[in-house]
Amino acid sequence: MEYTAAPFFKRGPSLFIRFAFFCLLSIGVLVADARLGYLHLTRQTLGAVIYPLQRLSALPQDVAGRISGFFVTQAQLERENEQLKRQNLVDAAALQTQQTLVAENRHLRQLLGLRERVPRTAIIAEIVYAPRDPFTRRVAVDKGSQHGVKAGQAVVDHIGVVGQVTRVFPWLSEVTLVTDKEQAVPIQVLRSGLRGVTFGIGYDGTLELRFMPVNADIQNGDMLVTSGIDGTYPPGLTVAVVSNIERNAAYAFARITCIPAAAVNGFGQVLVLSGDQGFPQNVAADKAASVNPPKPRKANE
Amino acid sequence: MIRLASAGSNPQEILRPVRLSYVAVTLLVALLLNLVSLPGFLQLLRPDFTALTLIYWVVYHPRRVGFLPAWVLGLAMDVADGSLFGQHALAYAVLMYLAILLHRRIVMFGMRHQVLHVLAILAVAQAVMLLVRLLDGAQLPGPLYFAPSIVGALLWPALFNLIRVPLRPRPDADAV
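Top to bottom, those sequences are chains A and B. The C-terminal position of the first sequence is numbered 301 in our numbering, with every residue numbered one higher than the one before it. The C-terminal position of the second sequence is numbered 1176 in our numbering, with every residue numbered one higher than the one before it.
In short, the hints are calculated from the structure, not lab data. One or more hints might be untrue.
What the hints assert, rightly or not - Calculated from the model, a selection of chain B residues having no Cβ within reach of chain A, i.e. all distances over 12 Å:
hint, residue
1, MET1111
2, ARG1112
3, ALA1123
4, LEU1144
5, LEU1159
6, PRO1166
As the list claims (entries may be wrong) - Here chain B is said to cover these stretches of chain A; the calculated rule only asks that three of the stretch's residues, wherever they fall, bring their Cβ under 8 Å from a Cβ of chain B:
hint, segment
7, 14 to 28
8, 34 to 45
9, 52 to 65
10, 125 to 136
Since this is a predicted model, take the numbers as computed values, not measurements. Just so it is clear, CB atoms sit at the ideal spot from N, CA and C, and this is done for glycine as well.
One chain only, chain A, in its complex shape:
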């Protein structure tokens, strides 16, 4: 079966020694990465090396998209054109009112002595592939540190919040979806103005609105928008719609399930929003932290 000659004398370390060596090496790498946060550069380098493969892997999807785009019918195009025109009309009307509102808002903020909101810039990115890791919910998008993407930036699509950039490679970045386990988004109920935080469930693509009292003013179908108090997500972006509420007086909090508004499972284009909100530095807190570093706390459910 094998044409190369077998080594005449048994050389090198035994199988078990080799196995043990690579196991220990892997465990060392795991600990260095997961616990100590080293090896950032190694990951970046390997990421750059396999980048051509990652782009190549997106090819079938592109080709499929082009082919289906080629065979689209006239009637379909007409329908879509009609729909877009109508949408455009609605948007134009909303935009006109918004322009007056922006001017009015600026004026009011000046009158009240409030700081103006920093306008955000956005980078258009395309979802390249969804990693096969079953423990997390992430997607990879085709813009990276070379295009100015930074870890921590918010990612939205045309409907609402998709997630947050969590890891940046030179030409790619990883976006953790809002449905990922423990991915938190500060929200506000659009109808009542109630503030809260949604957490991704992780396994079924829904969100949970936690720490809401049993008698909180929330109804099925309520729209949840970002509250903007975290400094990551700009205020007013749609996050989710409440789909199910269980109020059980035996528990302190209601169990509220929400469905994400954005197409978090789809493949398409997204916007990466710049993270700079121009918040003033919290000097007092920084000083206190440097004098007396707080112990890192784990979030309890």
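Fit chain B to the known structure of chain A by using the hints.
Chain B in isolation, oriented as in the chain A frame:
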């Protein structure tokens, strides 16, 4: 031991020598297949082609792939998957160990029993990854977690024949 050559899946047929470049190409193609996005449900069932190809080379040509390339491939998978750095590398080290340990045995079995061996190796590799993630604080995934191993094992005969296509001896032009 001589067996009658039942064309197709005779594990002991005579093959042309294997070039290292061919091994590298198959492993890269496997890595590529691991990265391609599949729609919804298929994504959950997609086997780990890299692991499967590694098992093939280790079982049938044990001196062609060593621990180091497998380990580096594991790291590449970790970067591509965004999983913990070293998770796939550890799983592939375990997989290599089992495959090298069992390779003399596996080739003696017929396809059906080989599938079972491969299933066991793939499942152990996945279990290693599960253990790593649980230690890192992940929650238990659903029962579909091991589906890729089953699909991978079922694909073993197809992979076996596919990899061997360029290795089968060409009909000799000088033959009388």
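Each hint, compared with the structure:
1. MET1111: holds, 17 Å
2. ARG1112: holds, 21 Å
3. ALA1123: holds, 14 Å
4. LEU1144: violated, 8 Å
5. LEU1159: LEU1159 (chain B) is indeed farther than 12 Å from all Cβ atoms of chain A, at 17 Å.
6. PRO1166: Non-interface label stands for PRO1166 (chain B): nearest chain A Cβ at 15 Å, farther than 12 Å.
7. 14 to 28: holds (count 11)
8. 34 to 45: holds (count 4)
9. 52 to 65: holds (count 7)
10. 125 to 136: As far as the segment 125 to 136 of chain A goes, the hint holds, because 9 residues have Cβ atoms under 8 Å from chain B.
In this structure, only the earlier hint numbered 4 is contradicted, and the remaining ones agree with it.
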